[in-house]
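K.L.:
Taken in sequence, the protein lines are chains H and W.
In case it helps, full-length UniProt numbering puts the first sequence at residues 1 to 540.
In case it helps, full-length UniProt numbering puts the second sequence at residues 1 to 337.
Hints in this document: simulated from the structure, not taken from any laboratory.
Any given hint could be a false lead.
Computed from the model, here is a short list of chain H residues facing chain W with C-beta under 10 Å [to be verified]:
#1 41
#2 44
#3 52
#4 57
#5 59
#6 89
#7 209
#8 210
#9 265
#10 269
#11 307
#12 320
#13 461
#14 462
#15 472
#16 479
Away from chain H, derived, C-beta distances all over 12 Å, residues of chain W [unchecked claim]:
#17 6
#18 28
#19 89
#20 162
By construction, the Cβ of each residue, glycine as well, lies at the ideal position given by its N, Cα and C atoms.
For reference, the chains in residue letters:
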Amino acid sequence: MAALDELTTEAPAEPPSRGLGPGRALIGVGRRLWRWLTSMRTALILLFLLALAAIPGSLLPQRNLNIDKVNQYLAQHPTLGPLLDHLWAYNVFASPWFSAIYLLLFVSLVGCLIPRLRAHIAAVMRVPPEAPSRLDRLPAHAESLDLPGDPAEIAGRLNDLLRKRRFRVKVREQAGGGLTVSAEKGHLKETGNILFHFSLLAILIAVALGSWYGYHADRLVVQGADQGFCNTLQQYDEYGLGARVSPGSLEPFCLDLTSFEAKYLSNGEPSVYKAFVDYTLGDGPAKSTTIQVNHPLRLSHARIYLLGTGYAPVVKYTDKYGHSQTEVAPFLSSDAMQTSSGVIEFPDANVDPAKGVDPNHKQQVAFSGIYLPTVPSDPSVGQSAFPAERNPALMLTEYQGDLGLDAGIPSSVYSLDQHQIDTGRLNKVGDPIQLKPGQTKTLSDGTTIQFLGTRPWATMQVRYDPGETLVLVGAVCLLLGLIVMLLGRRLRVWFRIPPQGPVTAGALARSVYPGFTAEFESIVQDTRADQSRPTSRGTQ
Amino acid sequence: MAALSDHLLLLAILAYALAMLTYAAEYAFGNRSVVARVAVREHRRELVGAGAPVVDTLDEPGPVDLLDEPQPTEPQPTGPGADPRIAVWAGRAAATLTLVGWLAHLGCVVTRGFAAHRVPWGNMYEFVLAVTLVGATAWFVLLLRRPSIRPLGLFVTLALVILLGIDGVKLYTPVAPLVPALNSYWLKIHVTAAVTASGILMVGFVAAALTLIRTGHEAGKTRFPYSLGARLPAADGLERLAFRLHAFAFPIWTFAIICGAIWAEAAWGRYWGWDPKETWAFIAWVIYAGYLHARATPSVKRTIATWIAVVGWGAMMVNLFVVNLVVSGLHSYAGVN
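When you get a sec, could you build the whole thing from the sequences and use the hints?
P.N.:
Pasting the structure below:
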């Protein structure tokens with residue numbers, strides 16, 4: 001991929017192939033392919049393909065962003081959905097075709113950058129070229145500059161003047177006795193150009209590093225020292241490990257939520273979410289800190305983000321044998337007003353102390369519940385009116401039977417096993433009850449349930465991305481290169497000083513930019529102004 | 001304050017619309033002197049004499065940019081149906097009305113900020129207000145530096161009236177504090193950069209679209225959009241203006257994306273996650289990068305390059321309207337119901 005302000009250097013014509021050996025033919029094809037790939041045209045086409053290929057990623061639901069939406073889309077489009085799935089349409093940015101485009105683009109970039117880098121280094125090393133024979137044919141030129149002194153003095157003064165303006169200068173003697181002064185500046189422009197494109201490469205490499213050696217994991221943490229978690233995969237609800245990450249190498253830390261502060265505007269929109277946490281690193285002492293939106297906890301490797309919050313009702317159940325158990329069950333909110341639902345399970349309930357568990361006639365207890373932090377003025381609405389706990393109530397429906405926890409099949413902790421209900425192994429008991437915090441109610445079978453209150457919970461995301469710093473450095477270099485490239489001006493100026501008579505000058509810019517003539521005129525003006533001052537060599 | 005801001009928006013739209021009408025009057029009655037004034041004088045450099053080793057790397061001399069260097073105004077033949085006096089009067093009135101609109105627009109944004117006690121670009125309504133303000137400001141700066149581009153005013157005010165009209169009617173949101181996710185100093189940096197880049201790209205788009213119209217006109221096309229080209233400055237000058245605006249805005253857009261990535265790292269735990277807004281910012285960036293490359297490649301026709309710039313603005317508009325209103329993502333701060 002050629003860069004701004006210049007065309008790709010045309011490769012020299014291929015030598016006519018003598019004797020068509022298969023190897024030579026193959027090399028020829030390879031060369032042509034390489035030339036095609038590194039041409040500007042191809043690079044432009046690839047750039048557009050890249051833009052085009054990104055579009056479905058923004059319009060179709062993506063697995064990495066929202067897997068529920070993907071499943072919903074698949075359910076709604078039974079024919080088209082699976083077809084698109086085969087085309088990686090729900091994972092566009094990790095799809096082979098998207099990768100193919102950007103990898104080809106980067107190969108093209110490398111193929112173009114390396115020759116350009118070589119050419120640029122050569123250009124920087126080279127002395128400014130000799131003046132063209134006819135300066136008056138250049139886009140900007142000045143004639144009859146009447147400068148005093150002999151040619152050597154004039155050349156000396158011009159040399160100083162141009163160097164002050166950051167030109168690289170070369171004075172040459174002419175066959176006829178005169179002198180020429182060649183000056184050049186603006187190599188920074190191409191330097192910026194090359195820096196910009198190398199930064200792109202650096203960013204790509206850093207992104208790859210991050211995806212190989214990074215990881216992320218989510219965990220819902222209920223308030224309380226008994227509810228904390230440690231940075232091991234078993235303790236996460238969901239996680240993704242890079243290809244080169246071993247589960248044992250995660251940074252050792254443990255964290256628990258000590259309290260949570262949430263403030264809301266009058267319309268229910270959150271204004272402050274603040275999680276107060278205690279954490280330990282390895283065997284170190286416990287430290288306290290806060291985690292907020294926009295302010296993650298940054299450990300030496302991992303960073304911990306606050307993603308969301310909700311309520312976990314605390315319920316005490318006393319079974320028919322008088323045995324009490326207390327459960328804390330995080331409920332998930334389904335709307336912005338924290339209307340929350342979940343289940344509270346008591347698998348050890350109703351076990352006859354004399355007989356033990358009867359596997360064929362389990363009397364496990366579970367409650368499916370809805371929690372409203374603020375019961376609306378019209379209770380039939382069934383949705384919370386405000387996200388803070390202004391008028392909380394917990395609605396519970398009791399189930400008894402076999403919860404299906406022993407089957408060894410992982411199940412959601414936020415809903416009951418529908419299969420157990422459908423097959424009649426888990427049955428609804430009595431009517432739904434409503435509880436205020438602190439309230440106790442006796443159920444139809446004589447057991448009691450008490451709603452002790454709620455604890456807040458927070459979802460935390462743990463992330464580690466080792467490529468991040470390099471991406472940032474790459475991005476800063478990219479921007480620097482871009483600015484230098486766009487601001488830089490390549491300019492060449494020549495002065496021809498004959499043995500006798502007036503000096504002529506001319507200038508040429510790589511691309512004629514605004515202010516080009518003005519810059520040249522200001523240089524010429526300076527040479528004129530300069531003659532009024534005595535120069536170091538003027539008195540000799 | 002909030003009510004004042006709303007009234008000022010109305011005033012701004014009204015003034016811009018009137019300015020548009022007077023620009024149209026200037027357009028209709030004006031002679032073609034403007035066109036002639038900026039007619040391109042090709043300064044084709046001839047090859048430097050043989051034996052000089054310098055020609056190899058000095059490609060693309062290009063015409064000298066007349067838009068930058070004031071040319072002596074020569075009396076020009078008057079076009080049919082033209083009345084220069086009306087045109088001059090209308091032109092001045094249009095510029096004044098645009099200034100009135102701009103002042104009201106500025107007042108609208110500033111009072112909005114005071115009413116909300118924060119930077120006034122926290123939702124989509126305010127974002128569009130700010131982008132158009134930057135666009136109008138960029139237009140004034142250009143107009144002061146190069147009065148010869150005044151005929152473009154008709155199209156700039158048209159773009160302003162359309163965007164502000166949609167903004168006021170469809171996107172209006174009452175003043176409200178920021179959601180916590182937006183409560184960061186990065187809002188000031190990231191969104192300000194995005195607003196600035198978008199505003200300048202808007203004027204760049206107008207210049208690019210008019211370049212295409214004018215190029216078609218110069219090629220002898222007379223159908224509707226090309227007929228507008230009759231009183232526009234020469235295509236070459238317009239094309240360079242479009243390029244310069246894009247070249248100026250592109251690093252700012254890049255900066256906006258980088259700041260967004262830094263903020264996303266702090267807010268969402270990753271610097272890049274292909275959220276729809278991010279994806280479309282990337283798409284627009286790639287298209288504009290393609291434009292700058294195409295513009296710098298002599299084998300690519302200038303009209304093709306200019307088309308790419310127009311497509312780039314299309315991506316910006318998709319990012320603003322479609323992503324905010326149709327697609328849901330993390331950047332859902334439009335606040336429009």
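K.L.:
For every hint, state whether the structure bears it out.
P.N.:
Structure-based check of all given hints:
1. 41: holds, 7 Å
2. 44: With a minimum Cβ separation of about 6 Å from chain W (threshold 10 Å), the hint on residue 44 (chain H) holds.
3. 52: Holds, because the Cβ-Cβ distance from residue 52 (chain H) to chain W comes to roughly 8 Å (cut-off 10 Å).
4. 57: Given a least distance of 6 Å, the restraint on residue 57 (chain H) holds.
5. 59: holds, 7 Å
6. 89: violated, 13 Å
7. 209: violated, 13 Å
8. 210: holds, 9 Å
9. 265: Holds - the Cβ of residue 265 (chain H) comes within 10 Å of chain W, reaching about 6 Å at its closest.
10. 269: Residue 269 (chain H) check passes; min Cβ-Cβ to chain W is 6 Å, inside 10 Å.
11. 307: At 8 Å from the nearest chain W Cβ, residue 307 (chain H) passes the 10 Å test, so the hint holds.
12. 320: Not OK, violated: residue 320 (chain H) not within 10 Å of chain W, min 47 Å.
13. 461: holds, 5 Å
14. 462: holds, 9 Å
15. 472: holds, 7 Å
16. 479: holds, 6 Å
17. 6: holds, 20 Å
18. 28: Given a closest Cβ separation of 31 Å, the condition holds.
19. 89: holds, 31 Å
20. 162: holds, 24 Å
In this structure, the hints that do not hold are numbers 6, 7, 12, in rising order.
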